[in-house]
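The opening position of the sequence shown corresponds to residue 1 in UniProt numbering, with each subsequent residue numbered one higher.
Calculated directly from the structure, the hints in this document are not laboratory data. Since we're looking at a predicted model, the values are computed, not measured. Check the hints yourself; a few may be wrong.
[As the list claims (entries may be wrong)] FRET-style restraints, in silico, Cβ to Cβ:
{"#": "1", "residue 1": "46", "residue 2": "281", "range": "45 to 53 angstroms"}
{"#": "2", "residue 1": "296", "residue 2": "141", "range": "23 to 31 angstroms"}
{"#": "3", "residue 1": "144", "residue 2": "120", "range": "22 to 30 angstroms"}
{"#": "4", "residue 1": "245", "residue 2": "225", "range": "21 to 29 angstroms"}
{"#": "5", "residue 1": "147", "residue 2": "255", "range": "38 to 46 angstroms"}
{"#": "6", "residue 1": "63", "residue 2": "303", "range": "56 to 64 angstroms"}
{"#": "7", "residue 1": "242", "residue 2": "268", "range": "17 to 25 angstroms"}
{"#": "8", "residue 1": "241", "residue 2": "296", "range": "19 to 27 angstroms"}
{"#": "9", "residue 1": "296", "residue 2": "36", "range": "39 to 47 angstroms"}
{"#": "10", "residue 1": "261", "residue 2": "301", "range": "54 to 62 angstroms"}
{"#": "11", "residue 1": "148", "residue 2": "256", "range": "41 to 49 angstroms"}
{"#": "12", "residue 1": "292", "residue 2": "220", "range": "23 to 31 angstroms"}
{"#": "13", "residue 1": "220", "residue 2": "61", "range": "53 to 61 angstroms"}
{"#": "14", "residue 1": "79", "residue 2": "225", "range": "45 to 53 angstroms"}
Note that CB positions come from ideal geometry on N, CA and C, so glycine has one too.
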Amino acid sequence: MTGSRIDNQNIAVLLPCYNEASTIGAVVRGFKSALPGAVVHVYDNNSTDGTALHAMLAGATVVRERRQGKGHVVRRMFADVDADIYIMADGDGTYSPDDAEELIRTLLTERADMVVGTRRGVQADAGRQGHAFGNKIFNVLYRTIFGTDFTDIFSGYRVFSRRFVKSFPAVSGGFEIETEMSVHASRLKLPISELELDYGRRPEGSHSKLSTFKDGAKILWMFAMLMKETRPFAFFGIVSAAFMLASLGFMAPVLVEYFETGLVSRMPTWVLSMALMMVSFMMFTAGVILDSVSRARAEQLRIHYMSLASPRPREQIPLLVDDLDTARQLPSRIGSR
C-alpha cells in the first residue's frame with residue numbers, strides 16, 4: 001500500500017457468502033494482499049460446502065448469519081463491524097481485490113460516502129444474458145423513479161464511509177439490498193461516486209444464486225415499496241390516476257345515455273363509477289399527507305447522518321518523537337514557547 005491517506009485508515013472488508021467454497025479462499029487472500037492493513041470479514045449464510053472453513057484457513061474472520069438472504073447478512077455486517085472505511089464485495093471472484101485501493105482513494109479524495117464499482121462486461125457473467133437484460137431494464141426504471149445518481153444499482157462492489165454504514169436503515173432481506181442502498185443515498189442527497197471496473201466471469205464450479213424471474217419480481221416489488229416510502233405523492237398520485245380513469249370509463253356511457261334520454265338505466269354502473277372516484281380522491285389525499293411525513297423522516301435521517309464523523313483522510317503527524325521521555329517533555333516545551 002502506498003500513501004498515508006489509506007495506510008492510516010481502519011479498513012474492513014465485508015464478504016457475504018453462500019456456498020462459495022471454490023472461490024472464497026482466493027478472494028480472501030486477494031484482499032489481504034491488496035490491503036495488508038485491512039481486516040477481512042466473511043459472513044457465511046448457511047453454506048453447506050465448507051465456505052466458512054475455506055475462508056478461515058485463508059485468514060478471514062468468519063461469522064455465521066442464519067437468516068437466509070443477502071439483505072440479512074449485510075444488515076448484520078453493518079451492525080457488527082466498526083471501521084472508518086468498509087469495502088463490500090462478493091465471494092464469487094467476479095470482483096478484483098486489486099481495484100479496492102482505487103475505490104478507497106476515490107472515496108477519500110472526493111469526500112464521498114459511497115463509491116460504486118460499476119461493472120464493465122456484466123453480460124459475460126457465466127452466459128446469463130437474462131441477468132444482463134434485466135440489469136439494463138431495472139437501471140432505466142431506477143433512473144426514471146429515483147433519479148440519475150447511479151448507472152449500475154446492482155453492483156456488489158462498493159466502498160462506504162462509516163457514517164453511511166451506521167445511518168443506513170437496512171430492511172431488505174435478499175438481493176434487493178443494493179437497490180435499497182442506492183435509494184437511501186439518492187433520498188438523502190449523499191455524496192456518491194462511481195468507478196467503472198472490469199467484471200470477471202465465475203470460475204468453473206461457481207454458480208449464480210440469482211433467479212432471473214423470482215429475484216426480478218422481488219426487486220420490482222422493492223422498487224414499488226421504496227417509491228411508496230420515499231416518494232408517496234408520486235406513488236399515490238399514480239394509483240389515484242388509475243382509479244380516476246377507471247371511474248371515468250364506467251361513468252362515460254351512463255352520462256351519454258343521461259344527456260340523450262334524461263334517464264339513468266344503469267344505476268349500479270353509476271354507483272360503481274362514483275365509488276371509484278371517491279377512492280381516487282382518497283388516494284390523492286393520502287399521497288399529500290404521506291409526502292409531508294416522508295419529508296420529515298428524511299430530515300431525521302439526514303440529521304442522524306450528519307451527527308456522524310465525515311470520511312476525512314488522516315494525515316501523518318509531522319512531529320517526530322524519538323522516545324517516551326521526549327514525548328513527555330513536549331507539553332512543557334510548547335508551553336514555554
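Check the following: the C-beta atoms of residue 296 and residue 36 are separated by a distance inside 39 to 47 angstroms.
-> For residue 36 against residue 296, whose Cβ atoms are near 45 angstroms apart, the range 39 to 47 angstroms holds.
Do the beta carbons of residue 79 and residue 225 sit within 45 to 53 angstroms of each other?
-> violated (22 angstroms)
So does residue 220 sit 53 to 61 angstroms from residue 61, Cβ to Cβ?
-> violated (35 angstroms)
Okay, residue 296 versus residue 141 on CB: inside 23 to 31 angstroms?
-> Because 27 angstroms falls inside the window, the suggested range holds.
Holds or violated: 21 to 29 angstroms for the Cβ distance of residue 245 and residue 225?
-> Between residue 245 and residue 225, where Cβ atoms are some 24 angstroms apart, the hint holds.
Hint says 45 to 53 angstroms; check whether the CB-CB distance for residue 46 and residue 281 agrees.
-> About 48 angstroms separates the Cβ atoms of residue 46 and residue 281, which means 45 to 53 angstroms holds.
Indicate whether the distance between the beta carbons of residue 241 and residue 296 respects the range 19 to 27 angstroms.
-> holds (25 angstroms)
Can the suggested window of 22 to 30 angstroms be confirmed for the beta-carbon pair residue 144 and residue 120?
-> holds (23 angstroms)
Measuring from beta carbon to beta carbon, are residue 147 and residue 255 in 38 to 46 angstroms?
-> holds (41 angstroms)
With 23 to 31 angstroms as the target window, see if residue 292 and residue 220 comply at their CB atoms.
-> holds (27 angstroms)
Outcome of range test on Cβ distance (residue 242, residue 268; 17 to 25 angstroms) | holds (21 angstroms)
Is 56 to 64 angstroms a correct range for the gap between the Cβ atoms of residue 63 and residue 303?
-> violated (31 angstroms)
Of the numbered hints given earlier, the model fails hints 6, 13 and 14; all others are met.
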